[in-house]
Structures are given as structure tokens and as C-alpha cells.
Amino acid sequence: MALLAGAFSSAEAQDPRIGNRLDAPTRKALSALVDSARASGVPVEPLMEKVYQGLAMGADGPRIVVAVRKLTVEMANAQRVLGTVATTDELKAAASAVHAGVPAVELGKMKKQSGLRRSLTLPFTVLADIVSRGVPVQTAANAIRSLVGAGARDRDISEFQRNVQVDIEKGAQPQAAAETRVKGAVTTPSARPDKREQE
Amino acid sequence: MPDWSRTSLELIVQELQRPVRFDESFDRRVMVAVRRSYAERRPRGAAGWIGAAVHMTRRPAYAAALAAGVVAVVTVGMLRSRPETVAGNESIPVQFVLVAPEARSVTVVGDFNNWGLGDTALVAENHNGVWSVSAPVPAGVHRYAFLVNGKQWVADPTAPRAAGDDFGQPSSALVVEGSAE
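Heads up: the sequence lines are chains A and B, in that order. Taken in order, the first sequence gives residues 17 to 215; the numbers are from the numbering used here. Taken in order, the second sequence gives residues 432 to 612; the numbers are from the numbering used here.
So here's chain B without its partners, still in its complex pose (with noise of 0.2 Å):
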């Protein structure tokens, strides 16, 4: 007698190993389903052209989509855990995020890429006000910070605070997991 049980538990192992194949707007598709349900759970910033900046690793469903190799290891927040896949290197990529409708410019610098000295600043891409710039972050403590208009510096509103705002502007803290953890 066959054991049904077993038969269809790997029936459904099977179907869950089964190859699933996403057309190409299946991110932008995910990135506007996460964007619309972070802004309605997160409270708008004080700066009135500031939203909600999107902050991945807090998402379950990106831990998902990750584990399905559905995203690249894009990762916004406090903390950036070392994927496996980049064992041995000693930065991983981080997306940083600030939605700010009105802005020209969002560059993104720290202490990651010498707050911006000689030109490392991180450029982001505008899509539709979500400003957007991924870079490999090095292991450790960070403290960052957006710069809007080159001119207007902006905490990220989805992270620690750095502590202090020895210079009279606000910064965030972001720690990168290292291979000691």
C-alpha cells in the first residue's frame, strides 16, 4: 500500500523547488507594492518634502524574495547582513533610499567613501522621487548622511540616529555585519 503521505509531501516538495520565472517588471512590480505599503505604514518625516525612505531589510517579504534570488542583495537600514554569497569579500552592497519628490540632486555620503572628499560621493538616480544609489559598503560602523540640493543634509529617516550632531546636521548610524558575526 503506498504510503499517500509521503507521496504527497513530495509532491509538494517538488512543486515548491520547481523553477519559477518572473517576467522582467517583476521588481519594479515588488519595488511599487513595497514602496506603497511602507508609506502607508511609515509616518511622514518632519521635512515636508521628505516621505518615507524604504527600508528593506525590514520587510519580510524581502527576506523572501531574496531567499528566492528574486532581488540583489539590496539592503537599506541600521543593520546589513553579510550574505553568504559574498563571503570572503569584506563589503556588501548597500541600497540607500530617501524619498524626496522636490529634490534636484541626492548624493549619499559617510564614512564609507570619506564623506564625500575628492569626489566619492555616491550619486543617487531619481525614480519619481525616490532617490536610489546602491555601493558596496566595507564591514563596520558607519555614520552617513543624504546630502539634497548639495547643499540641504538630511538624517535618513528609516535608521539610528548617529549620536551628536557635532557639525549642526544630523546623520545616521549603519552597521554592515562582518564575518565575525
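Bound-form chain A, shown alone (with noise of 0.2 Å):
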């Protein structure tokens, strides 16, 4: 992946995974955005995943430079507001959730409230899945803030999520769904710090 990396930010250098199917143009505004994000402090890796989505999906060169573009700058906006101490993946995930429409600024607030140590990844992976499911941002929002101070551990936040997934399929209005589900999730004996600590 590194190697990739590298390979966009050289010229000459190219990535025998892509071969010839980016066009000049296309790496040369490849080349510019993986740059731009790597002064700024933002992780290339995510934006080369990208470039191998786009291209395994048959995308042409501009579309994949629009997303990576974009992908870009939701994780730059990630990581202002949750700050150098978030992971890749972290950022990562807090880039769906901001694509999937929730303003980074929320994300901002679980980080602060759930600490240091507690990674967001999969919270904020969940947060963009309900979203994208019809669930209103702030609803989302709040749930996962809920579940997250509860201490919730991944696998109850995870539950949540194939909850509320499957209420929704089963017709369930996604709102309805997400309210109701956290109640039982924050309720429930796993999430409940104490709880937590003993295992």
C-alpha cells in the first residue's frame, strides 16, 4: 500500500497493480490529492483503497479522482475535530459516517466523551450503516453517543446494528427502530460499564 503511495507521489515510478489503466491526467490528480493529504497529516492508504475500488469497479479515471477527492476531504474533516490521537481506521470510519451525511462535529463530541483509549471505529462504522438505512442523523447520532457512554462494547453496538437492520427490513420505520433498539441496548447488563470491567 505504502509502495502505491509512493508511486502516485512519482512520475516515473507506477504501481504494478494498475499498470496502464489510469490515464496521465488521472495520475497527475491522483499524484496532487495523495500529496496534498499527506502534508496535511491525513492517511494515504484509505485514498489508494480507493483508487483500487474505483478501478475494480470499473470506474473511468475522473470519477475515481471525484471520490478520492471527496474521500479526502471527509477524512480531513474527520480528524480536525477528533484530532491526531484518532487512528486510520478511525478516520476511516468517521469518513463514511460524514459521507453517509452525519456533520463531523458529531463525531467530535463521542470522541471526547468516550476517551482516549476507546476506539470509534466500529461506532462510527454503525453510525454511518443506520444513517444510510433512513435513520435521521440526529437519531443516530444520539443513539450511538448513548450506547458509547453506556459502555457499550463493540459487540453490543454491533447487536444494535443487525437489530435495527432487521427491524427495518421487516418494515419498521428506521427511526422508530433506533429509538427503540438503544433502550434495550443501554439497558442491557453487557453494556453496563461495571459489567464491563469485570470480564
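Hints are computed from structural coordinates only; laboratory data are not their basis. For clarity, every value in this text was computed on a predicted model and none was experimentally measured. Where hints are given, some of them may not hold.
These stretches of chain A come out as covered by chain B in the derived footprint (C-beta under 8 Å, 3 or more residues) [what the hints assert, rightly or not]:
hint, stretch
1, 63-75
2, 139-152
In silico negatives: residues of chain A with every beta carbon more than 10 Å from chain B [said to hold, decoys possible]:
hint, residue
3, R43
4, G57
5, K86
6, V164
7, P190
8, Q191
Listed below are the simulated DSSO-like cross-link pairs for lysine-lysine, each with C-alpha atoms no more than 30 Å apart in a straight line [claimed, not checked]:
hint, chain 1, residue 1, chain 2, residue 2
9, A, K44, A, K86
10, A, K128, A, K199
11, A, K199, A, K186
12, B, K582, A, K44
13, B, K582, A, K86
Yeah, the Cβ is synthetic: ideal placement off N, Cα and C, and Gly gets one too.
With the hints as a guide, bring the two chains together.
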């Protein structure tokens, strides 16, 4: 991955996995984006993964550039509110949430609430998922914040996501599903901090 | 006078600790039962030939099976926990499953294998319409999708959606729990 990131910063070098599948203007645009991201401290690996995804899905150069540019902005926004303590995975998940429509400031609140040690990769992933399934942004953010604040573990939050997904697939209104399921999740014994410490 | 309650408890513990032998068909029978149970509980996917994917981490029965060492470390879904047996290793085995009875081929591509570039796609095996492949996946968050018949992109119906379809195709999110958690 790092090799490819370097490839875009060098006009001559070329990743064998990409070969000649990107034209010169696209490579040049991506090179500029990657260099810009690297200069601002935004991890470049997720950007390269986006390039791979675009190539695999048969997207043309301009579309790949647009997607990578959008991801760069979303990750930069996420990093701004999460701080330098955020891991690449957290930023990647946070960018997905931002992409889904969650204001970055909401993610910052969650990070501040959860402390430095608690990874929010999965909570952000679930947040992005339920918003994409139609749960209103504020409802979804409140739900995840409640879960994180209650000391819910990743498996609890994963279970919450599954329940909301199934409820919606069965015809439930997304907001009602999220609001109802979060009540059960935060009162479940396994979600209590004291229980978590015993394990 | 003997402590009968203690003796009984010890007997129970002894019985529970006794190794249980399973015949070779046990795994297969467990999988059949779980798939049947899963198919009954899960609604069918939007695409006609896509049924429901097995989501092993969602079944308490699997946790019990894993604890008993009956089933190898195979998980499908959003959260893959890092089992102690692979502590120190940054990848854990993940099983990807798609029910697609009419498919001719199914591969899995995602962030973890550079989206199949350079022939890195995971080729699933067909088990009577249940397509499955297992592979070690590094800890972290990954986007992935199934590629059916080499041309149709299908998100994992049992996993969270990856936000955004920048390229007009669906994809799913996978979080493999790392050592930091």
C-alpha cells in the first residue's frame, strides 16, 4: 500500500497492480491529492484503497478522482474534530459517517465523551450504516452516543446495528427502530461499564 | 458427614469437563441446522437469487461451538473479534458467505485484498448455492463486496453498508477487531 502511495508521488514509478489502467491526467490528479493529503497528515492508505475500488468497479479516471477528492475532504474533516489521536481506522470509519451525512462535530463529541483509549471505529461504522438505512442523522448520533456513553462494547453496538437492520427490513420505520433498540441496548447488563470491567 | 452438595457440584463439573467427541459429520450438520435457522429468521434479499447470508457471529450457538473448539475460527459479519489463539497476529480468519443458488461464480474483493487487482480476489466455493470462502483479514475497518459471475456487484446482505456508492455499486463494511481493543 505504501508502495503505491509512493508511486503516485513519483511521475515515473507505477504500481504493477494499476498498470496502464489510469491515464496520465488521472495519475497526475491523484498524485496531487495524495501529496496534499500526506502534507496535511491525512492517511493516504484509504485513498489508495478507493483507487483500487474504483478500478475494480470499472470507474473511469475522472470518477475515481472525484471519489478520492471527496474522501480526502471527509477524512480531513474527521481528523480536524477527532484530533491526532485518531487512528487511521477511526478516520476511515469517521469519513464514512461524514459521507453518510453525519456532521463531523458530532463525531468529535463522541470522541471527547469516550476518551482516548476507546476506539470508535465500530461505532462510527454503525453510525454510517444506520444513517444510510434511513435513520435520521440526529437520532442515529444520539443512539450511538448513548451506547458509547453507557460503556457499550463493540459487540453490543454490533448487535444494536443488526437489530435495527432487521427491524427496518421487516418494515419498521427507521427512526422508531433505532430509538426503540437503543433503549434495550443501553439497559442490557453487558452494556454497563461495571460489567465490562469484570470481563 | 459428606458434603453432598459439593460432591454433586464436583460431579457436574467433572461431567462438563469431560471431552466430548464428535463424528466427522458434526460440522456439516451444525452448518445445515444453522443455515436453516438463519434462512427462517432472515428476510430474503432484494435480488431474487440472493437469499440470506450466514452471519456466524450473530448466533450464540456459534459462540458455544467456538468455545468448545468444534468449529475453526470462522466469522462473518461486521465485527470479527480477535480470538486469543491468534494473539500477536494482526490478521484473523474471516469467512465470507453469500447465498446465491443461481450464481456461476462468486469472488470476494475489498480493501484487504486490493479489490482483487492482480488476481488477489478470494474465490468462493459453491456448497449447493451457499458460496463461501475464508481468508485471514488484517485488523481494521474494510470495505468489501461480492462479485457474482464476474460482473454483478453485491453487498453482503448481513453486514453494515459502507456509506456512499461512489462508483455506483454497493459495498459493505467489515471491522476486524485489533489488539488495541
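**Prompt:** So which hints don't hold here, by number, going up?
**Reply:** 5
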